[in-house]
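Engineer: The primary structure of each chain is shown beneath.
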Amino acid sequence: MNGHTTELVIFTLLFLVVSGMGFVAARWRRPKDIASLHEWGLGGRNFGSWITWFLVGGDLYTAYTFVAVPALVFGAGALGFYALPYTVVVYPLVFLVLARMWSVSHVHGFVTPADFVRARFGSPTLALVIALTGLVATMPYIALQLVGIEAVLKAMGITGHLPIIIAFAILAAYTYQSGLRAPALIAFVKDTLIYIVILAAVIYIPAKLGGWGSIFDAAKAKFDATPAPADGITLNAANQLQYVTLAFGSALALFLYPHSLTGVLASKNRGVIKRNMAALPAYSFLLGLIALLGFMAIAAGTKPVGTDGNTIIPRLFDQMFPDWFTGVAYAAVGIGALVPAAIMSIAAANLFTRNIYREYINKQATDAQEAKVSKLVSLVVKVGAVLCILLLDPQFSIDLQLIGGVIILQTLPSVGLGLYTRWFHRGGLIAGWAAGMAAGMWMLYLIPNPAKGKAHFGGSAFALKNLGLDTPITMYVGFLALAVNLVVAVLATLAFRAAKVAEGEDATSREDYFADEGDPKVKDLDLSAAH
Amino acid sequence: MPDDKSDRSPWYWLLLVPVVIPLMTFLYNADEPRLLGFPLFYWLQIAYIALGVATTTLVYRMTRRRP
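Chains A and B, in that order, give the protein sequences. Read in full-length UniProt numbering, the first sequence has 53 at position 53, and its numbers run on one by one without any break. Read in full-length UniProt numbering, the second sequence has 64 at position 64, and its numbers run on one by one without any break.
Simulated from the structure, these hints should not be mistaken for laboratory data. One or more hints might be untrue.
Unchecked claim - Okay, the calculated beta carbon distance ranges per label pair:
id	chain 1	residue 1	chain 2	residue 2	range
1	A	Pro-227	B	Arg-65	57 to 63 angstroms
2	B	Val-20	A	Ile-473	16 to 22 angstroms
3	A	Thr-366	B	Met-62	52 to 58 angstroms
4	A	Leu-469	B	Met-62	27 to 33 angstroms
5	B	Ala-47	A	Val-9	56 to 62 angstroms
6	B	Tyr-12	A	Leu-13	46 to 52 angstroms
7	B	Leu-27	A	Gly-157	40 to 46 angstroms
8	B	Trp-11	A	Ala-438	51 to 57 angstroms
9	B	Leu-27	A	Thr-421	53 to 59 angstroms
10	B	Leu-36	A	Ile-158	43 to 49 angstroms
11	A	Ala-502	B	Ala-54	46 to 52 angstroms
12	A	Ala-455	B	Ala-54	16 to 22 angstroms
13	B	Ala-30	A	Lys-500	21 to 27 angstroms
Each residue gets a CB set at the ideal place from its N, CA and C atoms; glycine is no exception.
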């Protein structure tokens with residue numbers, strides 16, 4: 001054996017127990033009829049504060065968090081800590097926005113952001129654009145979860161892709177059977193494990209390494225010794241703007257992802273959402289501590305497996321903890337990947353079913369047909385994610401997600417601003433989206449990553465000197481692309497209006513945005529009456 | 001509830017505080033002073049979580065609809 005037997009046994013055991021829970025979940029909270037999209041895809045839309053907290057938390061703080069954020073801190077220092085302000089800023093930012101989204105969705109039976117856009121701007125084309133953007137942005141995000149599992153497996157000395165394929169086959173099977181109930185139930189286990197592991201890590205490891213002070217000193221010494229100017233335990237003049245725009249841009253993007261919305265829409269009323277906006281930062285605290293594991297790895301002299309930076313934290317656990325606890329920690333990361341992957345694939349499947357299948361392929365689809373198509377698509381999406389991992393370079397997986405972030409941000413004018421204003425013309429929004437996408441892709445193309453020997457798509461920090469400015473300052477691509485998007489959307493709206501191009505009809509009315517549970521307009525399960 | 005259909009309240013402006021403060025790097029971009037060994041950059045940003053929770057909770061409680 002390879003010296004990781006205890007870890008492997010505990011990891012496998014916990015993984016199997018949780019998978020079992022996933023299959024049993026279909027019977028949890030007894031749906032009358034799981035053969036409808038509402039029951040399967042939104043868990044019947046009746047989750048209270050606690051379940052929502054676990055579900056949304058399990059959804060937003062993913063395996064990527066536990067592996068890639070500390071890996072980035074390990075490699076770049078302070079810049080990687082952007083994940084903390086990002087998750088502090090996001091909740092007050094969307095506090096009111098999500099409540100509006102909940103109301104209008106429950107009055108009109110929307111399941112996806114594209115559903116909303118279609119009704120608000122009376123444009124199936126714009127809705128299609130939003131749906132496709134959501135699908136494309138979600139795919140690498142699901143793939144990223146696989147990277148988390150893979151890092152853990154590698155640290156246990158397991159190579160090859162077969163174990164990942166098996167893990168995802170299990171995930172696919174129970175999501176197929178239980179829908180959103182599976183991740184909601186598993187999220188309890190996942191979060192409990194992760195809290196235990198991280199709290200143990202931040203107490204036990206610094207004690208072994210001579211305290212926090214010496215951990216930060218060791219990190220500082222490492223970054224001072226490297227020739228790269230962008231790293232260090234604080235920011236420098238060149239990357240401060242990158243830090244701020246990355247944190248803010250990521251916060252704007254978070255709830256545009258279809259899967260974040262799935263958890264929000266599944267909650268019982270507006271109060272549940274607002275209470276969760278106050279309670280979800282408990283996870284941010286955890287995230288801050290997790291990020292600092294990167295510095296602990298520096299102080300402990302941890303070396304990654306081969307050149308895979310993502311294995312840093314699994315290796316740190318292996319080095320520091322007794323074998324049995326390392327097994328628990330690995331299981332936490334592995335299971336931590338399953339919850340978001342399940343929710344993401346459900347959200348992607350809903351997008352396809354609602355905004356492509358029913359809109360363009362089968363206009364008279366029944367509830368049962370929709371649920372069936374959705375379940376099949378969620379399988380296809382997972383296969384796609386596995387292919388992403390097999391075919392693409394999984395290293396520095398955080399950049400994969402950052403590219404998705406750039407893309408999804410381009411839906412902000414239609415979805416986010418659309419909740420507040422009908423001022424934009426549907427044609428203007430499409431034009432803005434196209435310009436933002438083009439600008440974003442162009443900027444990503446120009447970003448090299450010398451450390452990896454890549455000339456293009458090497459990260460998300462765009463050097464302003466590419467625009468002819470004489471400065472070392474870098475900025476987050478998504479933020480700049482969004483600016484382009486907004487400017488074009490405004491100009492094109494004015495142009496379309498001047499040319500008297502027909503406006504779409506707005507199916508929503510003002511009161512729809514404030515309706516709450518108990519309001520006669522708020523529907524529970526009548527999916528077929530949506531449009 | 002017909003008289004309370006709007007999400008308008010002056011309390012909501014408070015939400016800007018935890019959005020803007022954590023994005024001002026000059027407030028925390030330094031090593032010293034350290035707290036329990038944590039450089040300012042880290043402990044102050046972690047403290048902003050408390051700022052966010054406190055503000056959001058306050059706004060929620062002050063704007064809650066009376067049943």
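Engineer: So the hint says 51 to 57 angstroms: do the beta-carbon atoms of Trp-11 of chain B and Ala-438 of chain A match that?
Structural biologist: 41 angstroms, violated
Engineer: If you check the beta carbons of Val-20 of chain B and Ile-473 of chain A, does the distance land in 16 to 22 angstroms?
Structural biologist: With Cβ atoms ~20 angstroms apart, the hint holds.
Engineer: For the range 53 to 59 angstroms, tell me whether the beta carbons of Leu-27 of chain B and Thr-421 of chain A fit it or not.
Structural biologist: Roughly 32 angstroms apart at Cβ, these two residues miss the hinted range, so it is violated.
Engineer: Could you tell me whether the CB distance from Ala-502 of chain A to Ala-54 of chain B stays inside 46 to 52 angstroms?
Structural biologist: 48 angstroms, holds
Engineer: CB of Thr-366 of chain A to CB of Met-62 of chain B, is that within 52 to 58 angstroms?
Structural biologist: 46 angstroms, violated
Engineer: Holds or violated: 46 to 52 angstroms for the Cβ distance of Tyr-12 of chain B and Leu-13 of chain A?
Structural biologist: 48 angstroms, holds
Engineer: With 40 to 46 angstroms as the target window, see if Leu-27 of chain B and Gly-157 of chain A comply at their CB atoms.
Structural biologist: The hinted range 40 to 46 angstroms holds for Leu-27 of chain B and Gly-157 of chain A, with Cβ atoms some 45 angstroms apart.
Engineer: For the pair Ala-47 of chain B and Val-9 of chain A, does the Cβ-Cβ distance stay inside 56 to 62 angstroms?
Structural biologist: About 41 angstroms separates the Cβ atoms of Ala-47 of chain B and Val-9 of chain A, which means 56 to 62 angstroms is violated.
Engineer: Is 16 to 22 angstroms right for how far apart the beta carbons of Ala-455 of chain A and Ala-54 of chain B are?
Structural biologist: This hint is violated: roughly 47 angstroms between Cβ atoms.
Engineer: Are Pro-227 of chain A and Arg-65 of chain B spaced within 57 to 63 angstroms by their CB atoms?
Structural biologist: Holds - the Cβ-Cβ distance for Pro-227 of chain A and Arg-65 of chain B, about 59 angstroms, lies within 57 to 63 angstroms.
Engineer: Measuring from beta carbon to beta carbon, are Ala-30 of chain B and Lys-500 of chain A in 21 to 27 angstroms?
Structural biologist: 57 angstroms, violated
Engineer: Please test the hint of 43 to 49 angstroms on the beta carbon pair from Leu-36 of chain B and Ile-158 of chain A.
Structural biologist: 38 angstroms, violated
Hints 3, 4, 5, 8, 9, 10, 12 and 13, counting from the list given before, are not met by this structure.
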